[in-house]
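Chemist: Put together the whole structure using the sequences plus the hints.
Residue numbers (my numbering), protein chains in the order written: chain A, 1 to 386; chain B, 1 to 230.
Hint data in this document are derived by calculation from the structure and do not stem from the laboratory. Worth double-checking, as some hints may not be accurate.
Under 10 Å between C-beta atoms, here's a sample of chain A residues computed to sit facing chain B [what the hints assert, rightly or not]:
1. Y3
2. P5
3. A9
4. A10
5. G12
6. R13
7. P290
8. E291
9. V294
10. L295
11. Y300
12. L304
Where is the CB? At the ideal position from N, CA and C, for every residue including glycine.
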Amino acid sequence: MKYFPLIWAALGRRKPRTILTGLSIAIAFLLYGMLNAVNIAFNYGAEMSGVDRLVTTGRYSITQILPYGHAHQIRSLPGVSSVAASDWFGGYYQDQRNFFPQFAVEQEEYLGMYPEIVLPEQEKQAFFSTRTGTIVAKTLADRYHWKVGDKIPMQAGIWPLKGGSNVWTFDLVGIFDTANPKDRGQYEMMLIRHDFFDEARQFGTGTAGWYVTKLKNPSAAGTLAKLIDNTFANSPNETRTDTEKAFNQSFMKQLGDIGLIISSILGAVFFTLLFLTGNTMMQSVRERIPELAVLKTLGYTDFLVLALVLGEALLLTLISAVLGLTMATLVLPWLASQLPGLSGLTITLPTIYGALGIAVLLSFVVGLPPALRAMRLNIVDALMGH
Amino acid sequence: MSEAIVSLRGVTKNYTRGKQKIEVLQPLDLSISQGDFLALMGPSGSGKTTLLNLIGGLDQPSSGEVNVGGQRIDQLSSRALAQWRSHHVGFVFQFYNLLGVLSAEKNVELPLLLTSLSKAQRAKHVATALEIVGLADRAKHKPSELSGGQAQRVAIARALVADPTLLVCDEPTGDLDRKTADEILGLLQTLNREHGKTIVMVTHDPKAAEYATHQLHMDKGSLIEQSANT
Ligand SMILES: Nc1ncnc2c1ncn2[C@@H]1O[C@H](COP(=O)(O)OP(=O)(O)OP(=O)(O)O)[C@@H](O)[C@H]1O
Ligand SMILES: [Mg+2]
Numbered sequence: 001m002k003y004f005p006l007i008w009a010a011l012g013r014r015k016p017r018t019i020l021t022g023l024s025i026a027i028a029f030l031l032y033g034m035l036n037a038v039n040i041a042f043n044y045g046a047e048m049s050g051v052d053r054l055v056t057t058g059r060y061s062i063t064q065i066l067p068y069g070h071a072h073q074i075r076s077l078p079g080v081s082s083v084a085a086s087d088w089f090g091g092y093y094q095d096q097r098n099f100f101p102q103f104a105v106e107q108e109e110y111l112g113m114y115p116e117i118v119l120p121e122q123e124k125q126a127f128f129s130t131r132t133g134t135i136v137a138k139t140l141a142d143r144y145h146w147k148v149g150d151k152i153p154m155q156a157g158i159w160p161l162k163g164g165s166n167v168w169t170f171d172l173v174g175i176f177d178t179a180n181p182k183d184r185g186q187y188e189m190m191l192i193r194h195d196f197f198d199e200a201r202q203f204g205t206g207t208a209g210w211y212v213t214k215l216k217n218p219s220a221a222g223t224l225a226k227l228i229d230n231t232f233a234n235s236p237n238e239t240r241t242d243t244e245k246a247f248n249q250s251f252m253k254q255l256g257d258i259g260l261i262i263s264s265i266l267g268a269v270f271f272t273l274l275f276l277t278g279n280t281m282m283q284s285v286r287e288r289i290p291e292l293a294v295l296k297t298l299g300y301t302d303f304l305v306l307a308l309v310l311g312e313a314l315l316l317t318l319i320s321a322v323l324g325l326t327m328a329t330l331v332l333p334w335l336a337s338q339l340p341g342l343s344g345l346t347i348t349l350p351t352i353y354g355a356l357g358i359a360v361l362l363s364f365v366v367g368l369p370p371a372l373r374a375m376r377l378n379i380v381d382a383l384m385g386h
Numbered sequence: 001m002s003e004a005i006v007s008l009r010g011v012t013k014n015y016t017r018g019k020q021k022i023e024v025l026q027p028l029d030l031s032i033s034q035g036d037f038l039a040l041m042g043p044s045g046s047g048k049t050t051l052l053n054l055i056g057g058l059d060q061p062s063s064g065e066v067n068v069g070g071q072r073i074d075q076l077s078s079r080a081l082a083q084w085r086s087h088h089v090g091f092v093f094q095f096y097n098l099l100g101v102l103s104a105e106k107n108v109e110l111p112l113l114l115t116s117l118s119k120a121q122r123a124k125h126v127a128t129a130l131e132i133v134g135l136a137d138r139a140k141h142k143p144s145e146l147s148g149g150q151a152q153r154v155a156i157a158r159a160l161v162a163d164p165t166l167l168v169c170d171e172p173t174g175d176l177d178r179k180t181a182d183e184i185l186g187l188l189q190t191l192n193r194e195h196g197k198t199i200v201m202v203t204h205d206p207k208a209a210e211y212a213t214h215q216l217h218m219d220k221g222s223l224i225e226q227s228a229n230t
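Modeler: See the structure below:
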């Protein structure tokens with residue numbers, strides 16, 4: 001493109017101004033990259049959830065508890081491979097800021113239906129044979145410097161021990177990883193045994209928060225979900241059964257519509273940017289009216305002058321977008337370490353395409369008014385200085 | 001007398017300011033021959049720049065015909081006129097009008113970007129033009145690093161580089177001291193004599209006009225006399 005040096009030189013005309021504007025745009029794209037990565041990581045869990053697993057909760061709320069007898073009844077239904085009672089432990093380690101999910105589960109059933117969770121056979125057996133045992137994700141063990149054999153004191157957030165103490169002590173017997181490293185964020189958690197938990201807690205004994213059911217045949221998910229709910233219809237503890245994917249999605253919704261929040265933030269940021277960049281571009285063209293008139297004198301057509309000014313806006317936004325995404329790539333590992341459960345933050349290809357699309361759009365919106373002005377410029381008037 | 005390269009017939013130019021109509025050029029006939037170096041003189045506001053702009057295709061007359069190089073240009077669209085200018089006219093202004101962010105050679109290259117010449121060919125033409133104006137050694141300098149006389153030479157190189165039919169200069173020495181002005185005028189004279197360029201130059205300076213082959217005086221939008229220099 002032979003006009004490139006001309007466009008490039010125009011951007012270099014007032015370097016501090018161009019750099020400041022470029023940095024503002026880059027920071028908007030840094031934010032775009034970071035928030036998109038968070039959004040994708042949030043949704044990834046729901047996307048990747050098994051289709052051969054159903055989750056049964058109380059009909060009206062996931063905080064409703066269900067009698068343990070439900071587990072036996074579900075197990076006896078046709079098409080059910082296994083059932084794992086689960087509870088939300090809801091505690092924390094040392095400091096409330098050290099948040100990560102902890103689940104009390106029926107260990108053998110649970111690990112049987114989650115083949116994506118992998119750990120050495122020996123550690124798995126230790127978990128099965130140690131009532132006070134716990135296994136944790138490798139990312140957590142790394143973060144808190146835990147190793148097998150440690151005793152881990154957990155502060156109860158919901159469930160005190162019989163006798164009123166709030167400190168539960170678990171024996172770390174295993175450290176697991178995920179079969180696919182991309183799933184690490186999804187399974188960044190601590191698992192304890194439901195039998196021990198149920199026996200030791202002060203209240204709620206004989207119940208579970210929800211049941212996970214593994215199906216023999218994934219295509220039967222819809223009918224079996226209905227069958228389960230029908231089984232408990234008209235009982236004091238009615239249920240609501242969904243695929244794990246649907247369950248995770250509705251759980252996300254309770255946290256708030258992350259996608260909407262992110263779009264709103266980015267919308268506000270880019271809207272502000274329109275004025276800032278638009279003003280800069282307009283000013284830069286205004287200062288160059290005599291120069292643009294000279295180009296027209298030399299035979300540059302109105303359309304070419306328009307294209308040159310638009311090209312300038314496009315070059316600025318594209319460079320800034322690339323810079324912003326590069327910064328995001330550098331910042332994400334740090335961000336991931338601050339956000340437990342989201343260790344897989346990356347800039348994906350759709351995010352890059354999205355950024356390029358926004359950059360092109362932005363350049364048109366901010367570049368078009370000054371470009372039109374440059375196009376309409378009358379040579380004789382401009383050369384005379386008015 | 002060789003054939004007319006510029007010929008104007010019954011050309012007028014009016015501006016309307018609000019309700020007021022200003023007649024800047026009275027109906028005017030003019031003919032410039034191939035190889036002429038014409039100096040256009042006259043008091044401020046007499047319409048010299050306006051006439052020059054019509055000849056150079058920067059502006060359109062209110063009425064009348066403008067022929068340059070055998071083509072009528074008074075009815076071309078703005079786009080066609082732009083293309084015509086890029087092929088047929090080189091412009092030199094009082095204040096050089098170089099692009100400050102570009103080096104001398106990049107400024108000179110500007111008209112060539114509109115052609116289909118390759119990068120290497122463009123570089124060759126630029127080098128030749130800078131050679132002709134005696135500034136080959138300043139090719140990489142920015143306008144701010146050049147003296148007024150040097151900047152005007154770069155502007156002349158830019159006007160020349162596409163090998164136009166006609167050079168149009170509006171007070172090219174108006175901002176220069178006597179000695180530098182004489183050098184620039186000498187350069188224009190060489191271009192006229194040795195390279196056969198037809199030149200139309202507006203000037204206030206009678207000494208500058210002496211470099212031309214012909215002089216033309218304007219007053220209140222009309223041409224008064226056409227005299228040939230000896
Ligand atoms: N765009 C315009 N709108 C209105 N009036 C104009 C315009 N351009 C020129 N004029 C008027 O036309 C007249 C002639 O202007 P022109 O610039 O051609 O004079 P000139 O002979 O070149 O003067 P100078 O020696 O000062 O450059 C002036 O009265 C000027 O005010
Ligand atoms: Mg003038």
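Chemist: Determine for every hint whether it applies to the structure shown.
Modeler: Outcome of the hint check:
1. Y3: holds (6 Å)
2. P5: Hint on P5/A: holds, closest Cβ of chain B at ~7 Å, below 10 Å.
3. A9: Status holds, d = 4 Å.
4. A10: holds (7 Å)
5. G12: Given a least distance of 6 Å, the restraint on G12/A holds.
6. R13: holds (5 Å)
7. P290: For P290/A, the interface hint holds, since the closest Cβ of chain B sits about 7 Å away, which is under 10 Å.
8. E291: holds (5 Å)
9. V294: This hint holds: V294/A lies near chain B, its Cβ roughly 5 Å from the closest one there, short of 10 Å.
10. L295: Because about 7 Å separates L295/A from the closest Cβ in chain B, which is inside the 10 Å limit, the hint holds.
11. Y300: Holds, about 7 Å.
12. L304: Cβ of L304/A sits 8 Å from chain B, so the hint holds.
The structure fails none of the hints (numbered hints given earlier).
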